[in-house]
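Student: Since chain A is already given, all that's left is putting chain H on it; use the hints.
There are 2 protein chains.
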Amino acid sequence: MAPDPPPKRFGEFALIAKLFAPLAAKDKGAFALSDDAAVVSVPAGSELVVTTDTVVEGVHFLRDDPAELIAKKALRVNLSDLAAKGAVPKSYLLALSLPKWVDNQWLTRFAAGLAEDQNRYAVTLIGGDTTSSPSTVAITITALGLAESGRMLRRAGARPRDIVFVSGTIGDAGAGLAALRGEGTGLSDFVRSALVSRYQLPEPRLALGRALVGLASAALDVSDGLIADIGHIAEVSGVKISIDAVRVPVSASTRALWGEGNDATVRAATAGDDYEIAFTAPASARARVEALARETGVDIHEIGRVDAGKGVLLLDERNRALPVTRTGFTHF
Amino acid sequence: MAPDPPPKRFGEFALIAKLFAPLAAKDKGAFALSDDAAVVSVPAGSELVVTTDTVVEGVHFLRDDPAELIAKKALRVNLSDLAAKGAVPKSYLLALSLPKWVDNQWLTRFAAGLAEDQNRYAVTLIGGDTTSSPSTVAITITALGLAESGRMLRRAGARPRDIVFVSGTIGDAGAGLAALRGEGTGLSDFVRSALVSRYQLPEPRLALGRALVGLASAALDVSDGLIADIGHIAEVSGVKISIDAVRVPVSASTRALWGEGNDATVRAATAGDDYEIAFTAPASARARVEALARETGVDIHEIGRVDAGKGVLLLDERNRALPVTRTGFTHF
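Chains as they are written, first to last, in this note's numbering: chain A, 284 to 615; chain H, 284 to 615.
It is possible that part of the hints are untrue.
If several chains are the same, the list does not tell them apart, and a pair holds so long as it fits within one copy or across any two.
Said to hold, decoys possible - Straight-line distance between alpha carbons at most 25 Å, and here's what the computed BS3-like set of lysine-lysine pairs gives: (1) K593 - K301; (2) K523 - K301; (3) K383 - K593; (4) K523 - K593; (5) K383 - K291.
Treat the hints as calculated values from the structure; they're not laboratory data. Since the model is a prediction, treat every value here as computed from it, not as a measurement.
Chain A extracted, bound-state conformation (with noise of 0.2 Å):
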């Protein structure tokens, strides 16, 4: 057999000069990623607040997804993790392992959608590396933001009498990854493409997650699935949390491929990479939480309660707990 013929690829340097260092022009610091690391100054009375998460091919995105929107949510889902703990976003360092089938439209498409979400959340990239991978793409993004110091959101800090919140709707990115492998065949292509977006392009709620920062006793970003989430924050908290079911935040799309019952509300509960902020605040908080909704325009709904105790429980309408085999998403 003939070899395939190499893709069109810009050169690893020429890569770097053409596609990367643009992104990198508007941080000094960032020596146009032409130097062996970039430089971070933080203003007196800030810390820095730094994240990494990794995305991969056939784990966390599909090969035939399009390549502006891998990049998107390679970076939003650490914009997701800053935004939770109220820290306001600046920078991001890029690494990039790429397989022979890439090519220079792929990378082409896949610059062009952090340009556009570096304009849309105001940070730059300042640094990475490119690799060759032998078989599938791995993005990993380490995202660096700002915050006062001592005042970054942590998961500990719950405690009992606490009310938990979570905004948005839980559920939909796992409902659109289920129709993107096969179910739901009968939805129609309005409710499937909303579904489907939420899971390929979730939205940090970086304003939301800023404005809880003095009134959240607790944050987290719900990634791997609302129940192990909110378990983390009961675990590294010292709390017992239980959640209504009833009051969880499903969406009428994700109701329109798994019902209306607890069953429904369970997987939605357990799917992941929902990117929304669940929190716990003090009863004395919840005007000013009502008012923040409608002031970032970002629902947030109550949907439970700090006891003393330890675990996480999900109850029905008669407050008996119903059975969740799997809290969450977990790699192995």
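Tutor: Chain H in isolation, oriented as in the chain A frame:
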């Protein structure tokens, strides 16, 4: 065919709690890896120096390499970037993509390798991400260091009449990889393992890099290949650099594999993975550089000079440019 039984492996969260959280114990800002992000404080008068590098199975290491050496190499290639910038390493984030074959024994050895190097280099794990991978192990580390504000060593800054230096020896890692791939079957075990160990376990030149702040006009670590990397300095500094082949420090071990002539020198100077520091400095700094070599215990060789112009030349004994068809390793 019956599928292979799954290897014994911790779940994702147990892996973090048992193997990685202990590596984060020394930095309060890591929150024991129990939060979405880490907090990094930067003292007044300092800047953060940030770099990221990925190592991929089948590209930077081989599946059968000892897991502790893979871990150390992944960390050290990043520390080498900080070294070349004169920065003091502080902490790092680890993004790990794991295929199914990776078991607890591999992971335990991997974490043990990191623990050893954390002690050796006084760095602490502060965050990361663990994902599944369809086929190969990929490790992305983002390393954070501190430098006095405005004093980070840059690639830009070499000036005409500066002298070019390089630490250690050049080509050993490339020769070690060649030996692993079957070259040099007649080598003694001693020579062979010396070369292989230079490939598997680079030594970041941290003390030297720190001492070069205020002395070197430009610096970088030799990862792509000496000629390619000196070419990076020439390009961003806007100068021409000439290297004397006869002065490139090639070890007796590498000579034993590749021979005495200029062809072997070209191969050594374009092989990459050396993780030595190449730097330029004014002639007035020569005595101080020689003293530094004694103080740090790292050999430093004068190998060339900077002139007005552009590009990089490797010159033979009669000052004729040697043909270099490929200046270093590129991923594509």
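Student: Run every hint past the structure and note whether it holds.
Tutor: Cross-check of the supplied hints:
no. : hint        : in the structure
1   : K593 - K301 : between (53 Å within a copy, 21 Å between copies)
2   : K523 - K301 : between (52 Å within a copy, 23 Å between copies)
3   : K383 - K593 : neither (49 Å within a copy, 33 Å between copies)
4   : K523 - K593 : within (4 Å within a copy, 67 Å between copies)
5   : K383 - K291 : within (10 Å within a copy, 32 Å between copies)
Of the numbered hints stated above, the single one contradicted by the structure is hint 3.
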